[in-house]
Amino acid sequence: MHDNVVFNNKVLPYFLLAPQLVITLVFFIWPAGQALYQSFLIEDAFGFSREFVWLDNFIYLFSDDEYWNSIRVTFVFSGLVAFSGMAVALLLAAMADRVIKGATTYKTLLIWPYAVAPVVAAVIWWLMFNPSIGILAFLSWTLGHQWNHYVNANEAMAVVVIASAWKQISYNFIFFLAGMQAIPRSLIEAAAIDGSGPFKRFWQIVFPLLSPIAFFLLVVNVVYAFFETFGVIHATTLGGPGNATRTLVYKVYEDGFVGLDMGSSAAQSVILMILVITLTIIQFKFIERKVQY
Amino acid sequence: QTQIQFWHAMGGTLGDLTEGVVDGFNASQDDYHINASYRGNYNETMTGAIAAFRANEQPAIVQVYEVGTATMMSAEGAVYPMYQLMDEFSSGFDQSDYLASVTGYYADPNDNMLSFPFNSSTPVLYYNREAFEAAGLPDRGPRTWNEMEEFAETLMDAGYDCGFTTAWQSWVHLENLSARHDVPFATQANGFGGLDTELVFNDELQIRHVEKMGEWQQSGIFSYSGRTNEGSSKFYSQECAMYTESSAGYAGINANADFDFGVSELPYWDDMIDTPQNTIIGGATLWVLRGHDDATYEAVAAFFDYLTEPEVQAQWHMDTGYLPVTHASIAVTEDSGFYDENPGTDTSVRQMTAVEPTDNSRGIRLGNFPQIRGIIDESLESVWNGNATAEEALDRAVRRGNEQLRRFERAN
Amino acid sequence: MIENRPWLTAVRHLVLILGIIVIGLPIWIALVASTNTSASFVSGVMPMWFGEEGLNNFRRVLTNEGRVLGVGVSASWMMWNSFIMAMVIAIGKITISILSAFAIVYFRFPFRRTCFWMIFITLMLPVEVRILPTYEVVASLGMLNSYAGLTIPLIASATATFLFRQFFLSIPDSLAEAARIDGAGPMKFFKDILLPLSVNNIAALFVILFIYGWNQYLWPLLITTDENYYTIVMVIKRLMTAGEGNVPWNIIMTTTVLAMLPPVVVVLVMQKFFVRGLVEQEK
Amino acid sequence: MATVSLRNIKKTYSNGFKAIHNLNLEIEDGEMIVLVGPSGCGKSTSLRMVAGLEATSEGDLYIGDKRVNDLEPSERDIAMVFQNYALYPHMSVARNMGYGLKNQGLPRDEIRRKVEKAARVLEIEHLLDNKPKQLSGGQRQRVAMGRAIVRNPKVFLFDEPLSNLDAKLRVQMRIEIKRLQQEFATTAIYVTHDQVEAMTLADRLVVMNGGKVEQVGPPLDLYEKPETQFVAGFLGSPGMNFMPARIQGQALLVQGDHRIDLPDMAELAQWDGRDITFGVRPEHLEACSEAEADFHLKVDIIEPLGADTLLYGHLPGSDSLMIAEQPGKRRYTRGDVVPLRVDRERLHLFDAETEQRLNE
Amino acid sequence: MATVSLRNIKKTYSNGFKAIHNLNLEIEDGEMIVLVGPSGCGKSTSLRMVAGLEATSEGDLYIGDKRVNDLEPSERDIAMVFQNYALYPHMSVARNMGYGLKNQGLPRDEIRRKVEKAARVLEIEHLLDNKPKQLSGGQRQRVAMGRAIVRNPKVFLFDEPLSNLDAKLRVQMRIEIKRLQQEFATTAIYVTHDQVEAMTLADRLVVMNGGKVEQVGPPLDLYEKPETQFVAGFLGSPGMNFMPARIQGQALLVQGDHRIDLPDMAELAQWDGRDITFGVRPEHLEACSEAEADFHLKVDIIEPLGADTLLYGHLPGSDSLMIAEQPGKRRYTRGDVVPLRVDRERLHLFDAETEQRLNE
Ligand SMILES: Nc1ncnc2c1ncn2[C@@H]1O[C@H](COP(=O)(O)OP(=O)(O)OP(=O)(O)O)[C@@H](O)[C@H]1O
Ligand SMILES: Nc1ncnc2c1ncn2[C@@H]1O[C@H](COP(=O)(O)OP(=O)(O)OP(=O)(O)O)[C@@H](O)[C@H]1O
Ligand SMILES: O=P(O)(O)OC[C@H](O)CO
Ligand SMILES: [Mg+2]
Ligand SMILES: [Mg+2]
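Chains as they are written, first to last, in the numbering used here: chain A, 1 to 293; chain B, 1001 to 1412; chain C, 2001 to 2283; chain D, 3001 to 3360; chain E, 4001 to 4360.
Excised from the complex, chain A in its bound form (with noise of 0.2 Å):
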């Protein structure tokens, strides 16, 4: 227990903690109030009109095909992304676990997507499926497909929940890596001599160890999902075509600096720290749950 070592001073943990204090109660909480009460408000544009209109936003919001729409895009999106991401990362993690020579060049080639920002993995991403000169869209064309992800709404999804899992791949093989590198040889060896092969081993072995990760990794990736590929929607679909890119995360800006409604942006916002408060909340029970592990 860390109840013993205390430093008996009074002041100074006030002046240690101000720094943070301060910016988190100016940058965070009070927008975070702030967005509370303007979603209670309808505004016009430039702020001149002001009325107090108690939950029509959120009503306007919930009784809107279109919100709908966006969660079910949010989901879709953010599944997608997580699944994929972590599928190719699985595998090249199981491979690269038990490789002995090359370990450090491979895991030194498949680490660098990481530092790429999403809106430069996007706009790449957009290049290579361009519909009239993409390499990707070519190649798709010699199979006998015609690629538009201007007007197909599933391509435009494949195009961003690509470039979004590409970037994920890195941070996702990491972790696989780290936690099968982590796991006893002697567990994988008594598994042989249990008389289970190598395929059996990692489904019944390995996988179930790395499920803690796994599941943490499919948090984490839901949360990127849903809230850093803004820059992934913005530089490519901007949320088409039709609504069909459009995430939670991309209508709040949308209606907020685009259509300048501020209650209705506000009110996604407070929806939105909701999700993300329930996101973290279920984040943190399962580390303490991991911790006993």
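Check each hint, because a few of them may be wrong.
[As the list claims (entries may be wrong)] Here are the simulated SDA-like pairs of lysine to any residue, each with C-alpha atoms no more than 20 Å apart in a straight line:
(1) D:K3168 with E:I4302
(2) D:K3225 with E:R4330
(3) A:K107 with C:V2279
(4) D:K3102 with D:K3154
Honestly, the hints are just simulated from the structure, not real lab data.
For this one, chain A is given, so just place chains B, C, D and E with the ligands on it according to the hints.
Then chains B, C, D and E with the ligands, alone, in the frame of chain A:
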């Protein structure tokens, strides 16, 4: 020297030309200096300026597209109406010199000009003359949509990937379509009559047109490429031989297309009307924002005066394809022989001024129009990709658009 | 070694190499594109091999020759802005977090829990979910178009505080006790013991936070209207939409390469710390 | 160089847990006191209160003549060796050892001189520039000792300083600590839960249990005359054999039917008929002739340790384990029945209820 | 249920390190062999080769009559208990124990039956549904044993299965393992570096050093007649005292001037004048009268262990440590000079150079 912030949305070639005009003004005198800065597309520029206004960081001049007009008009505390500004700081301002069709769009009910019509455009059709020749088509654009279909099929038989593509789908294929056929886009004279307007563009004409476009998208006659003017690249690369785009597309096409092209009027449905109405204007105007000192406004007035000079106007018109907005500048252009040397360049002016505007062709003034554009874009896209029928999509767009109108009405 | 089957090893290498190719493809594309002319992107399939224009493109972008970037500032200036942003955020976050973690772990004081939870909450509220109000707060503080505005609101982070907290908790109590017996007060303990012990964590965090700061997109997009504060990442999107649909892919990709170069170099050079930092953040 | 007195010390943790009930202990100058007891009995708590790392809830604490309850650890003139050594990982051995002196403001070369002297005594001079992680467990232990020695404190405090070492090294370092403590003649309090360590190091042993002191005294006194069944069981390895018994005149009836006559034990008479626990250490069960036998042990397991042999088995008709330790020569096999005689001088009787010792 | 033969086994690791030089060992059916030796001597390597977890570089390995060099671990019919137990953390105790059987394709209820039987033997029936993390160290150890037992293998392999337990539990589990192995009469190879564990568990002991076997035999044989100085020093705690000596006629001159007459040792004559190492175990140095004394030990440190007392000291005029172990009764004080006599029957002579045993 007074420094003035001027935010605009002119990228690419148009951006260079805009800088050129500004440089011209800066060079013409020593008292003021305009700092022009590109703020992204129309939408980004406008919303950026509003956000900046809320944060007290607004520029003196902001370029706002026609879609934002209602929003700007309703923000009385934020904008400095042009007529007042000129009244106070300029001597030579004469509203009557401006084309009525232009001032009509940007004036208050008392017909006072609220913003400066810097770059007004109207949609036209560009066609690839070399392609037309290769396909054995006449050297003119299709006059009607039916003819458009025929031409496109011929082009495709000749090996072209697509018949035509478009920029600004809502502007060209709904707003101007309605005006050209003298059909209302919204009630209350397309919104000029008051905030209690309602959208009505889900009528027979529009449904039919969109339905047809949807079919064309499937068959390749039409190729959708984006909400603003991303389609240009398909025209430049000769993937599509026809292109419905703003008259201001001229500058870019001129700079980027290494083939001969022609300009012709926007087609119409000849089985629905005999003579088409005028098209409506688009493009943008310059709004002056409040919150600056008199020196600044003096500079702004001087800048506007400079822009109104017939030579400046005419040059701008000839470089960009934007409409000349004063009678004097039209005369200057005609005198210069530009139209004769570049056949088709007068298309936009003719198309705009051919007939007397009606309530349905004067323009469109809707609150939350940027969002409504977005809604329309989405709905059209869902037709292009086959997820909805034209009727469904337009009904939906009207319904959701009306919600936006009501929200705007409530906020203002 | 159990089951040291050669074919299994071969499959492993094969899959890994394939993975590297697929993952590396985008960077290949970007590099190739940055060496070609814009004409190569008008029709046909984009170039897949290097062109001659590389030096030219980079020079034009870095100096913004002929306003290729469509803005009034050069890529080198924007990279400088990005660098400032990344550095200030990284160093600021580390400083603020290590101090607050120290307070939380090594002191007992009234409202300790409250403070802890308040910091914790920030973890839950990424900028993206509270865009408008945060923008308005920054605006009302007059911090638009300033380095302060670009950095300070992003400096408070629960993640870094948490990482340090976890690390401090993993330091045996006896170390602090030994220091107390050795006559070291709290700040002396912090300076003599805690700080030197944290260097690895600081380095690890630095990598991650540098990347975080460099890659910021939405925030600079919102709060800068003055070109002098543009960052390299945010300008790319602007290039995409400029120019009437004639997208200057070579210029965009040149900018893209410049935008990803510094963080990628940081990751590769500090790979060891980076991997540790990531994995430890989870704990 | 000081006495240490703990007078009516009590400790209640902030969560309300009473860790120490009432501790009284007078430690003489130069004496080595070992606190021993099972995990959680309050050994560390007691030590840490002396160090000043934990506040006392009640009572008075003196080092020398000074009441130190309210002094900071650094002002108490003590030095402490921790279980994990608590070396500063980023400092060299020399800086580790000198850190306390530096904080006292001593000049550099005096620090250097003192550190070198201590290092010489501990034979770690060649390691002075190394970092702790470059050292073996034993070497770290020495450095931790060095850090304590160099400050020349009034009292050494040790909290299980050897439990992170492997068995061989532990024995070796145990001797080293004993040697050093004798050399410096510094008062020392040593905490361990290992009874062998406790027995071998202590001048006086304090056996604790559940926050209370069970018995205090020189190790062999406690070994030979444990006041409670707890102390009897705690000291010695393998542990004492305990069996339920009943006193019947001048004899014990162990486990119902094994009769042990004790004609010489005069006190026995007064407890006639009483239920007791009978205790005998394995080494006090000697193999004997059939005729002399008190018990017959059926051997299950034989552990030849070289010098001695341990026999694990049970009495016929009983389940409970009995252990006997025999000197080395004879070899046994599994299943042997060995007649054993209890050393009459070395048996222990405890009240079955209070678990207090009965016989002298 | 099988013999195990290691014939000319060699192991060179992929980095070129020769871990095992030439290992020959014939293990009988039902025998418990303990491999013991210092860290890094190749014990685990040998064991893992038998398990099939490590390939042999040369030589033949037989289990029963079958050459198993090229068989997978699962095909060798062995079971192994790991130092860290290697329990599958995500499976219940029952599933852990049954996993091997499941892979053999046994029907569910037969698995259940076997698991329950093994659990009963180990007294962990009540834990069958628990996850490993819910178990104490000792319980985990039992489960690991159970997993081995349940498969009824031909050979049990243990790699330091007790070193993660604390001292008390270690003793207890040691007895348990011995009991189980005796009960199942399964051939077993047990690796440890703890000589007490080795002595007490082994039917035969294999002492290894630097990749080679030093000596093989029953524990007490090795203890009493170590073939090499290494074995002599490795077994026994505290370790044997070694002193340089020279043979002079029928006597030894130990450390120059301590004369020990050995009139009965006939062989001595043949080594006249030779330099040797003289070894005697602490327990074979008995306190005696002045007249009988071979050595006079000046006592530095006394360790009363209860049953015995250890005396650490040195001979006057010498620096090297000497340890004597005395049975418990007498009390010593520091500085005592104790006359000691070497047990003539139990002394050890080693060639000073080859370190091989000389006397019978
Ligand atoms: N900070 C604390 N808060 C509450 N209870 C505590 C605290 N520290 C120790 N305890 C409790 O006080 C009792 C005594 O603890 P202490 O550390 O003194 O035991 P110990 O005898 O040193 O045991 P060990 O041999 O395991 O070190 C234990 O029951 C422990 O759980
Ligand atoms: N995979 C390997 N590659 C190279 N050398 C190895 C490998 N495994 C072990 N060794 C070396 O082989 C020698 C014998 O190792 P082994 O594990 O058998 O020792 P051990 O006797 O079990 O020691 P310990 O008691 O420490 O477990 C050691 O020197 C070790 O460093
Ligand atoms: O391209 P522009 O400038 O003519 O503008 C086209 C439309 O009016 C935008 O709404
Ligand atoms: Mg303790
Ligand atoms: Mg080993």
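Hints violated by the structure (listed by number, smallest first) = none
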